[in-house]
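> Below, each chain spelled out in residue letters.
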Amino acid sequence: DTEVTQTPKHLVMGMTNKKSLKCEQHMGHRAMYWYKQKAKKPPELMFVYSYEKLSINESVPSRFSPECPNSSLLNLHLHALQPEDSALYLCASSQDPGRPQARPYNSPLHFGNGTRLTVT
Amino acid sequence: AQKITQTQPGMFVQEKEAVTLDCTYDTSDQSYGLFWYKQPSSGEMIFLIYQGSYDEQNATEGRYSLNFQKARKSANLVISASQLGDSAMYFCAIGTGRDDKIIFGKGTRLHILP
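Taken in sequence, the protein lines are chains W and X.
This note's numbering puts the first residue of the first sequence at 1, with every later residue one more than the last.
This note's numbering puts the first residue of the second sequence at 1, with every later residue one more than the last.
Check each hint, because a few of them may be wrong.
Straight-line C-alpha distance at most 25 Å; calculated SDA-like pairs for lysine to any residue [to be verified]:
id	chain 1	residue 1	chain 2	residue 2
1	W	Lys38	W	Ser55
2	X	Lys106	W	Glu84
3	W	Lys40	X	Arg98
4	W	Lys41	X	Val19
5	X	Lys106	X	Val78
6	X	Lys101	W	Pro66
7	W	Lys38	W	Thr118
8	W	Lys36	X	Gln14
9	W	Lys41	X	Leu113
10	X	Lys73	X	Leu113
11	W	Lys41	X	Glu56
12	W	Lys22	X	Ile103
13	W	Lys38	X	Asp55
14	W	Lys36	X	Asp86
15	W	Lys22	W	Pro100
16	X	Lys101	W	Cys68
17	W	Lys22	X	His111
18	W	Lys41	X	Thr7
19	W	Lys38	W	His79
20	W	Lys40	W	Ser86
21	W	Lys38	X	His111
22	W	Lys18	W	Arg63
23	X	Lys101	W	Glu52
24	W	Lys53	W	Ala39
25	W	Lys36	W	Gly98
26	W	Lys22	W	Leu78
Which bits of chain X does chain W cover? Going by a derived footprint, with three or more residues having C-beta under 8 Å, they are [as the list claims (entries may be wrong)]:
id	segment
27	11 to 24
28	63 to 73
29	81 to 87
30	102 to 113
With the Cβ distance kept under 10 Å, some of the chain X side facing chain W (calculated, not the full set) [what the hints assert, rightly or not]:
id	residue
31	Val78
32	Ile94
33	Asp99
In case anyone wonders, no lab produced these hints; they're calculated from the structure.
None of these values were measured; they are calculated from a predicted model.
Don't be surprised by glycine CBs; every beta carbon is placed ideally from N, CA and C.
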C-alpha cells in the first residue's frame, strides 16, 4: 500500500465545474509535489511545496490552484478546465525530517496512485 | 536548468538476461541526485534507486544497480536476471541543489520476453 493517499481515484468533470484533488501523507515529509502525466509521457512537474510554502510553480495556468493547508495535506483546486487537461495527476512527497541533510535533490519521491481526471 | 535524456523508447529483453537502460543528464550544479523509477501499466510510480553526485561508489539495490559515470554525465540502470514482472516504463530523474525541482526523462518502455 502506498503511504501517499490520493482521492478521488477517478474524476470526470465538465468544463464549468469546480472540483478538488486531495493528497495526504503521514511520513512527516517536508516537500510535496503535484505532477501531471499524459498517456505515454513522463510526469510533468506542476507545483512544489516546501515546508508548506509554494516554492515552485512551473508556469501552470491559473485554472489549477494548489493549496497546502498543513504539512500532511496537499490540494489541487480545479476550475474551468479544458479537455486537454485530462490526465493522470500524481502527488508525491519527499524529504524525511529524520535526515538532517535531507533536501529534495537527495530524497526519493514517494508517489500516490494518482487521480485519473477526465474533462468533458 | 537540469535535463535528462533517455534515448531508448523501447527495449525487448529475454527473461533472465541482464538489461541496461540508458540515461544521460545535464546540469551545471555540483550537488545533484539521480533517481530511477518504475511505472507498471497499473500506473503507480515506484522508486528503485538513487545516486548522489558526491557518491564515489555506484548505488545498488537488490537486482538494480546504477552505472554512474560522472565525467560522461551518465547514470545507466542495470537490472540483473530480468523477470517478467520487470516489464514496465522506466524513468530517470534528476534533482539539483539549486531548487526543489525533480525532472523526469521521457522514459524507456521495457518488455521482458518469456
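> Are Lys41 of chain W and Leu113 of chain X close enough, with their CA atoms no more than 25 Å apart?
Within the cut-off at roughly 23 Å; holds.
> Holds or violated: the segment 11 to 24 of chain X covered by chain W, criterion of 3 or more residues with Cβ-Cβ distance under 8 Å?
Since 0 is below three, the answer is violated.
> Keeping to a limit of 25 Å between CA atoms, is the pair of Lys41 of chain W and Thr7 of chain X held or broken?
Within the cut-off at roughly 14 Å; holds.
> Has the given pair, Lys41 of chain W with Val19 of chain X, been kept, meaning a C-alpha gap of at most 25 Å?
holds (22 Å)
> Take a quick look at whether Lys36 of chain W and Gly98 of chain W sit within 25 Å of each other, Cα to Cα.
violated (29 Å)
> Taken at face value, is the distance from the CA of Cys68 of chain W to the CA of Lys101 of chain X at most 25 Å?
Roughly 17 Å separates the two Cα atoms, so the pair holds.
> Could you grab the alpha-carbon distance between Lys38 of chain W and Asp55 of chain X and see if it respects the 25 Å cut-off?
violated (33 Å)
> Between Lys18 of chain W and Arg63 of chain W, does the CA-CA distance stay at or below 25 Å?
Cα-Cα ~10 Å, so holds.
> Take a quick look at whether Lys101 of chain X and Pro66 of chain W sit within 25 Å of each other, Cα to Cα.
Holds: Lys101 of chain X and Pro66 of chain W sit about 16 Å apart, inside 25 Å.
> Hinted pair, alpha-carbon criterion (25 Å max): Lys22 of chain W, Pro100 of chain W. Please report holds or violated.
Answer violated: Lys22 of chain W to Pro100 of chain W is near 28 Å, above 25 Å.
> Does Lys22 of chain W pair with Ile103 of chain X here, judged by a C-alpha cut-off of 25 Å?
holds (22 Å)
> With the threshold set at 25 Å, check whether the alpha-carbon distance from Lys38 of chain W to Ser55 of chain W stays at or below it.
Measuring from Cα to Cα gives roughly 24 Å; hence the hint holds.
When the structure is compared with the earlier hints, violations turn up for hints 3, 8, 10, 11, 13, 15, 17, 24, 25, 27, 28, 29, 31 and for no others.
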